[in-house]
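There are 2 protein chains.
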Amino acid sequence: MAPIVCIGSMAFDSIETPFGKAGKVLGGSANYFSLAASYFTSVRCVSIVGEDYPKEHLELLQNRGVDISGVKLEQGKTFHWAGRYSYDMNTAHTLETCLNVLEKFEANVPAHFQDSEFVFLGNSTPALQMKLLSQIKRPKFIAIDTMNLWIENSRDALIEAISKCHALIINEAEVRQLTQVYNLVQAAKAVRSWGPQILVVKRGEYGAVLFDHGEPFSAPGLPLAEVKDPTGAGDSFAGGFMGYLASAGHYSLSRYELRKAVIYGCVMASHTVQDFGFAELVNVKKDQIQGRYDRFVDLTRFHVE
Amino acid sequence: MAPIVCIGSMAFDSIETPFGKAGKVLGGSANYFSLAASYFTSVRCVSIVGEDYPKEHLELLQNRGVDISGVKLEQGKTFHWAGRYSYDMNTAHTLETCLNVLEKFEANVPAHFQDSEFVFLGNSTPALQMKLLSQIKRPKFIAIDTMNLWIENSRDALIEAISKCHALIINEAEVRQLTQVYNLVQAAKAVRSWGPQILVVKRGEYGAVLFDHGEPFSAPGLPLAEVKDPTGAGDSFAGGFMGYLASAGHYSLSRYELRKAVIYGCVMASHTVQDFGFAELVNVKKDQIQGRYDRFVDLTRFHVE
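Residue numbers (my numbering), protein chains in the order written: chain Y, 179 to 483; chain W, 179 to 483.
This list has only true hints and no planted wrong ones.
Below, computed lysine to any residue pairings styled on SDA-like, alpha-carbon distance capped at 25 Å: (1) W:K199 x Y:Y360; (2) Y:K233 x Y:A289; (3) Y:K315 x Y:G373; (4) W:K463 x W:D476; (5) Y:K342 x Y:R437; (6) W:K463 x Y:H481; (7) W:K367 x Y:D453; (8) Y:K463 x W:E393; (9) W:K342 x W:A426; (10) Y:K367 x W:D453; (11) Y:K367 x W:A403.
The following label-pair restraints were derived from C-beta to C-beta distances: (12) W:K250 x Y:V482: 38 to 48 Å; (13) Y:E237 x W:V482: 33 to 43 Å; (14) W:K250 x Y:T272: 50 to 60 Å; (15) Y:G392 x W:E393: 20 to 30 Å; (16) Y:Q240 x W:L327: 53 to 63 Å.
Keep in mind the hints are simulated off the structure, nothing from the lab. Every residue, glycine too, gets a C-beta built ideally from N, C-alpha and C.
Turn these sequences into a full structure, and let the hints guide you.
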């Protein structure tokens, strides 16, 4: 079992969906990733919070095996994001972004994090993602996420960052925007030509597709009777995916291990969307994760003699 | 192996996509359904064409085991549909609809079709669908498709028609519109409360979901490096689905047989979208169908010890 070092945001989120509203719940890519991955392995978190951030939550992370010595407490307010979803919850509409302390984020990695072999570069500027990576001595498996903002404003730097990674984990609309190619099979070829041999395309309620050296793998979304809030689903997916790989210490990634990791990603995302913020994700029991994995086995099984 | 009787349109389609244009290619739900199903079993077709419809095509259907004695040749022009797709090929935008001879369609079923046990009520008015069904003596498995037009104009008659069927095969956006429920799990409950115990939701490039008495089944779309024209994909899906079930004579539908039928539906749809009209579908070889079924097995496999 290898630890994972991750970089990302810790935030207050204000969310509106057709099914309700939540004001200033805890969120941010580092939180969703760390919580999801913490079910599988230990996590080393690099992030930044303001003085208004609740200490109890940092303690909760610690109690779950997340090392928060890379989370800087900075004067000022915590990053705040406000967004809205319509019935089609695959796309978030940003209402407001207040960077606050995130503008001072320097991504300094504590010395005892620097031997981490699994690295997750959560959504932030390509420069910060590269700064984190440069401090890791001998990374063996690096995955990166991004968003439309960096594709639009820093595409060259982003592709440079992606080129140093083993895996790109990204939304469907964003991989199309990034590669400027609509067809996913062809978009995957473009990404792989930059360096990463693994592309995971996240498709919201439709699940995810994995492209690697062989034939693609398609994982469905779990049909749920109630979906309350998709915020954090992508980072929870990444947490399940990386968490599973790191828990088994898989560097030489066999085909089916990668595929199982995608399913564990879908499992963690399916928990996250069932309530606002990470209210559901944080309360999941280990046997529920395995139970839901088994539901994916059943959900996709047809070739039975 | 049981024959299937189907009702639907035969048409000329004019299609625009970002990847090209095709003027007045042969199309219509009865054509796509019959061609796809003809790989699995014999098909009995009830439709109508005008004087401008090519005799060679009717002969081609005959040569493939499609009994066209229910296809009426009427004075006037064949039904014509013109539509456009943008990059998101999951939704067609209708540019023009000329019903032409379709307005005189009476759906009279030849006597020797009336013992058919498998019935496919392709997209047409609920009244015509019911008229066809009323002429079948002892149907054992009835599936129905529809479209937004009938949901908007004839919802009550449509639900009455659906209530007489074993399976509803329908697009994702349309099942939401029909049930007035966004969540698919809940929409499936509504449909099953009307009568049909089987709901198949077609999701374009994302595949299909099957709801029956047990846990749902999710089939992916096949990631293709080139998709030219999605017209007819839904009817080709229905042809593969019904064709497989009828070929095995499955009335008491076991869980995995229904699931395999969904995969054969996806297989036939994946062929159709690779060229304009049914240019590709009509040239598929039987071993290509099995080969593509095997690709679906691989595409979805992850639980390997």
